[in-house]
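Given the structure of chain A, go ahead and fit chains B and C onto it with the hints provided.
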Amino acid sequence: MNFAGASILSVDQFERADIEKIFAVADKMEPYAKRQLVTRVLEGAILGNMFFEPSTRTRVSFGCAFNLLGGEVRETTGFKSSAIAKGESLYDTARVLSGYSDVICMRHPESGSVGEFAAASRVPVVNGGDGANEHPSQALLDLYTIQKEVGRSLDGLRIAMIGDLKFGRTVHSLIRLLKLYRNIHVVLVSPAELSMPESYIEEMRLAGHSVEVSNELTDGIGSVDIVYSTRIQEERFESQEEADLYRGRFRLNQQIYTKYCQPNTVIMHPLPRDSRSGANELDNDLNQNPNLAIFRQADNGVLVRMALFALILDVADQVDKSAREVNWYHRRT
Amino acid sequence: MNFAGASILSVDQFERADIEKIFAVADKMEPYAKRQLVTRVLEGAILGNMFFEPSTRTRVSFGCAFNLLGGEVRETTGFKSSAIAKGESLYDTARVLSGYSDVICMRHPESGSVGEFAAASRVPVVNGGDGANEHPSQALLDLYTIQKEVGRSLDGLRIAMIGDLKFGRTVHSLIRLLKLYRNIHVVLVSPAELSMPESYIEEMRLAGHSVEVSNELTDGIGSVDIVYSTRIQEERFESQEEADLYRGRFRLNQQIYTKYCQPNTVIMHPLPRDSRSGANELDNDLNQNPNLAIFRQADNGVLVRMALFALILDVADQVDKSAREVNWYHRRT
Amino acid sequence: MNFAGASILSVDQFERADIEKIFAVADKMEPYAKRQLVTRVLEGAILGNMFFEPSTRTRVSFGCAFNLLGGEVRETTGFKSSAIAKGESLYDTARVLSGYSDVICMRHPESGSVGEFAAASRVPVVNGGDGANEHPSQALLDLYTIQKEVGRSLDGLRIAMIGDLKFGRTVHSLIRLLKLYRNIHVVLVSPAELSMPESYIEEMRLAGHSVEVSNELTDGIGSVDIVYSTRIQEERFESQEEADLYRGRFRLNQQIYTKYCQPNTVIMHPLPRDSRSGANELDNDLNQNPNLAIFRQADNGVLVRMALFALILDVADQVDKSAREVNWYHRRT
Numbered sequence: 225m226n227f228a229g230a231s232i233l234s235v236d237q238f239e240r241a242d243i244e245k246i247f248a249v250a251d252k253m254e255p256y257a258k259r260q261l262v263t264r265v266l267e268g269a270i271l272g273n274m275f276f277e278p279s280t281r282t283r284v285s286f287g288c289a290f291n292l293l294g295g296e297v298r299e300t301t302g303f304k305s306s307a308i309a310k311g312e313s314l315y316d317t318a319r320v321l322s323g324y325s326d327v328i329c330m331r332h333p334e335s336g337s338v339g340e341f342a343a344a345s346r347v348p349v350v351n352g353g354d355g356a357n358e359h360p361s362q363a364l365l366d367l368y369t370i371q372k373e374v375g376r377s378l379d380g381l382r383i384a385m386i387g388d389l390k391f392g393r394t395v396h397s398l399i400r401l402l403k404l405y406r407n408i409h410v411v412l413v414s415p416a417e418l419s420m421p422e423s424y425i426e427e428m429r430l431a432g433h434s435v436e437v438s439n440e441l442t443d444g445i446g447s448v449d450i451v452y453s454t455r456i457q458e459e460r461f462e463s464q465e466e467a468d469l470y471r472g473r474f475r476l477n478q479q480i481y482t483k484y485c486q487p488n489t490v491i492m493h494p495l496p497r498d499s500r501s502g503a504n505e506l507d508n509d510l511n512q513n514p515n516l517a518i519f520r521q522a523d524n525g526v527l528v529r530m531a532l533f534a535l536i537l538d539v540a541d542q543v544d545k546s547a548r549e550v551n552w553y554h555r556r557t
Numbered sequence: 225m226n227f228a229g230a231s232i233l234s235v236d237q238f239e240r241a242d243i244e245k246i247f248a249v250a251d252k253m254e255p256y257a258k259r260q261l262v263t264r265v266l267e268g269a270i271l272g273n274m275f276f277e278p279s280t281r282t283r284v285s286f287g288c289a290f291n292l293l294g295g296e297v298r299e300t301t302g303f304k305s306s307a308i309a310k311g312e313s314l315y316d317t318a319r320v321l322s323g324y325s326d327v328i329c330m331r332h333p334e335s336g337s338v339g340e341f342a343a344a345s346r347v348p349v350v351n352g353g354d355g356a357n358e359h360p361s362q363a364l365l366d367l368y369t370i371q372k373e374v375g376r377s378l379d380g381l382r383i384a385m386i387g388d389l390k391f392g393r394t395v396h397s398l399i400r401l402l403k404l405y406r407n408i409h410v411v412l413v414s415p416a417e418l419s420m421p422e423s424y425i426e427e428m429r430l431a432g433h434s435v436e437v438s439n440e441l442t443d444g445i446g447s448v449d450i451v452y453s454t455r456i457q458e459e460r461f462e463s464q465e466e467a468d469l470y471r472g473r474f475r476l477n478q479q480i481y482t483k484y485c486q487p488n489t490v491i492m493h494p495l496p497r498d499s500r501s502g503a504n505e506l507d508n509d510l511n512q513n514p515n516l517a518i519f520r521q522a523d524n525g526v527l528v529r530m531a532l533f534a535l536i537l538d539v540a541d542q543v544d545k546s547a548r549e550v551n552w553y554h555r556r557t
Numbered sequence: 225m226n227f228a229g230a231s232i233l234s235v236d237q238f239e240r241a242d243i244e245k246i247f248a249v250a251d252k253m254e255p256y257a258k259r260q261l262v263t264r265v266l267e268g269a270i271l272g273n274m275f276f277e278p279s280t281r282t283r284v285s286f287g288c289a290f291n292l293l294g295g296e297v298r299e300t301t302g303f304k305s306s307a308i309a310k311g312e313s314l315y316d317t318a319r320v321l322s323g324y325s326d327v328i329c330m331r332h333p334e335s336g337s338v339g340e341f342a343a344a345s346r347v348p349v350v351n352g353g354d355g356a357n358e359h360p361s362q363a364l365l366d367l368y369t370i371q372k373e374v375g376r377s378l379d380g381l382r383i384a385m386i387g388d389l390k391f392g393r394t395v396h397s398l399i400r401l402l403k404l405y406r407n408i409h410v411v412l413v414s415p416a417e418l419s420m421p422e423s424y425i426e427e428m429r430l431a432g433h434s435v436e437v438s439n440e441l442t443d444g445i446g447s448v449d450i451v452y453s454t455r456i457q458e459e460r461f462e463s464q465e466e467a468d469l470y471r472g473r474f475r476l477n478q479q480i481y482t483k484y485c486q487p488n489t490v491i492m493h494p495l496p497r498d499s500r501s502g503a504n505e506l507d508n509d510l511n512q513n514p515n516l517a518i519f520r521q522a523d524n525g526v527l528v529r530m531a532l533f534a535l536i537l538d539v540a541d542q543v544d545k546s547a548r549e550v551n552w553y554h555r556r557t
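Chains as they are written, first to last, in my numbering: chain A, 225 to 557; chain B, 225 to 557; chain C, 225 to 557.
Note that these hints are calculated values from the structure, not bench results. The structure presented is a predicted model; accordingly, all values stated were derived computationally and were not measured. Incorrect hints may have been included.
[Stated by the list, open to error] Calculated lysine-lysine pairs in the BS3-like style (CA-CA distance at most 27 Å, straight line):
#, chain 1, residue 1, chain 2, residue 2
1, A, K372, A, K403
2, C, K545, A, K390
3, A, K245, A, K545
4, B, K258, B, K545
5, A, K258, C, K545
6, A, K545, B, K545
7, C, K545, A, K545
8, C, K390, B, K310
[Unchecked claim] Interface residues of chain A toward chain C, partial, derived using beta-carbon atoms under 7 Å:
#, residue
9, T280
10, G287
11, C288
12, N291
13, R500
14, E549
15, Y553
C-beta: ideal position from N, C-alpha, C; glycine also.
So here's chain A without its partners, still in its complex pose (with noise of 0.2 Å):
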């Protein structure tokens, strides 16, 4: 594809090549991302960060990004007061809010609007997360981070998927990048009233990857590089019997982790992760396992959307050209 002004809206749009360039350029806003050098090639850029539902983490991280790459950023959270909310049509918000920015990061409860958006807007639009629909950066940056920890190809790879697979907005994203790759093997892992749509796992079959579906935590996590873990909300059982019969046999641990897994299996979480003493996802002993990926993976959340935005804005080659050393104090514990 070709990325000058276009928008990101869905993981449908990209193919193999497209994800390559963007994971290229994600490295080498490295240095920039971690205080090394500093760029101002979007000085005077803005980006209209519209998030019509909270969402502190995914808005500070394209903020930050924008920041970094050297643009303003304008914001707006929240819903009820918003002009949407006396009747505003999308189409009608979208002209005026493009009309404001250099490129727009909307996020939205209802699936599908960012799509209605970025068809009025005069603007390039990023998909921040459309309800149940699509949140397209998370999942390049759990691919980014799939590939950065395995070391080497993403073809061949063998991941876990665990939690909830039904409702799960990240998994459904992901799986569909790993489709564009070669030779993947799937564990799904999940209670069975929460395991993954048919048509997820036909189309991986039909493009000639593996999958396995199983709703015992230890009989999938045993044989792969990445356990993909999510949060399972209690909500989603019919009933607290339901919820209760899967209570802690999805939770992962260090116990659990040694006993079961490979010496070098990549723990990952889309994060938040409940720490809750009732929740069901991933222990908190595990923070000191070195494999232990969620914290690298919100970091390459920085470098994936910077990415996005220099490539979208038509920067990536002035960057480095334009960098120079931090002047203040930046060593990282």
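Structure of chains B and C alone, referenced to chain A:
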């Protein structure tokens, strides 16, 4: 008036020459707002964008205007959490907040509050809307749009104002600005219950202009340069019967436009327009009409607000000296 | 202490020499805060201004301080919508958010939370107030104001603290900083129910200072350099009878000042002051009194916060090298 260091609180503070000065500077801002050029003339300056009542588009428009001149923006939105809610006087709030920035834009739900705030502020204040009272930058951008759209002097302008003329802050401010020109012909079209207060009509007639009053849409729109439509909120009527009586009678659509308007009549609206099916304003079927100026009107808001900041902070003459080319993608669709 | 890369969590981490260093840097920041000079020494750096509890003035003061050094600010306000509300631990929040910025300022309603956050953060953290616990930049700006107002060494200072001395976080922190000086005389004036906890008084006396306790305003204010007034919230009293007993007895106005205070006694308040008629603090008739230092105090907050950022990010010595003239209107009334 001397703009340097002045607060912009009301349209009443302008003479015709002041408006012409603002518009001349706004014209010069166009290449910056269109991202053909970048200026950093206000680099290091801070706008305090203080919205004690929400208004996404006005807030973002002011913020972007300041960013486009190179300055930074610090914002607040909402009221409940502010010190004002803890019993702080506007005097105290103004003394404190004016220590933080170079200029303040303020919106506040109470009529007169921004003037009271400005009296205690140590830096210039721009009224971003204070209750039913004033919203001078809206009136200026409306008038600027009229001038650009008709492409000639405003003297002799013929304009129809449609909808809620009783409570509509924007039409009140606009009619006061028009008073400064010569030989204006105003057609006021509204339900009887929502007609323009007599004082505004008297002022216009005393200044030598002609004012026609009607409650039939099709009477009013046939012989004007501009149709300025506004929202009618049904709850303004005393009874549902009254509201039903007027339902749809002030709604402009393409069919009515074709039948009754002259071919170059320009359609304006302060936005947001209510696009829900029950609303009585501008039909979406006008979106392809080249004379629908509502989005150009919103774009002009950035130009007028840039001009106000440039004049208040006395940098209008320095903008072009600091101009440089834009190096990122900026073609607009 | 070594400021470079350090978090600022509590007044207890400072020795007298540290405070003198902060104040020396704050003095150097004055031409920048007054817009006589511009510096861009932190251009490219990002402050994460994370307010999980609202506080307009503290948030904007920190943000402006960072902007005035040339840096960018990414913000969050409110709590409900944050990941913390979904069960995310402060550890996780800190690991993620500290990947986005160069320094974080954090306010949080829970006592001790900011320290817990800082322990997991990969970048320095400034405590912007954590519940009833600490608000060190407020204590520093109070002390800085005292020093500037009295115009000599703080040794030998005489100060009256008035109002709610039991729950007032600011007076607790201030008294702890004063302990580092010599020969301080403190007069504590409050209702018996709201008196300063004994531990603070003991600490002062053990350090060789003198402390006098009173519940009569006019007893305490006659022989001091500084009157530091704070808000009394009526709901702190056990009964309305108790509250009524004290109503108005700790309110300072011009008449009382003239009758009881020495002519150069400086009046301070952490703000906001409640200016509603029933409030018991500083009367508006003091606004013309040149010794009312409350707004200079707020202005000093910007200087002290600039100094903290400059020291933490180790650019204090570079600020003047990068200075340039201001080219916009900046006379302050």
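We went through each hint and held it up to the structure:
| no. | hint | verdict |
| --- | --- | --- |
| 1 | A/K372 - A/K403 | 18 Å, holds |
| 2 | C/K545 - A/K390 | 58 Å, violated |
| 3 | A/K245 - A/K545 | 19 Å, holds |
| 4 | B/K258 - B/K545 | 18 Å, holds |
| 5 | A/K258 - C/K545 | 25 Å, holds |
| 6 | A/K545 - B/K545 | 25 Å, holds |
| 7 | C/K545 - A/K545 | 25 Å, holds |
| 8 | C/K390 - B/K310 | 20 Å, holds |
| 9 | T280 | 5 Å, holds |
| 10 | G287 | 5 Å, holds |
| 11 | C288 | 4 Å, holds |
| 12 | N291 | 4 Å, holds |
| 13 | R500 | 4 Å, holds |
| 14 | E549 | 10 Å, violated |
| 15 | Y553 | 4 Å, holds |
Hint compliance for this structure: hints 2 and 14 are broken, all remaining hints hold.
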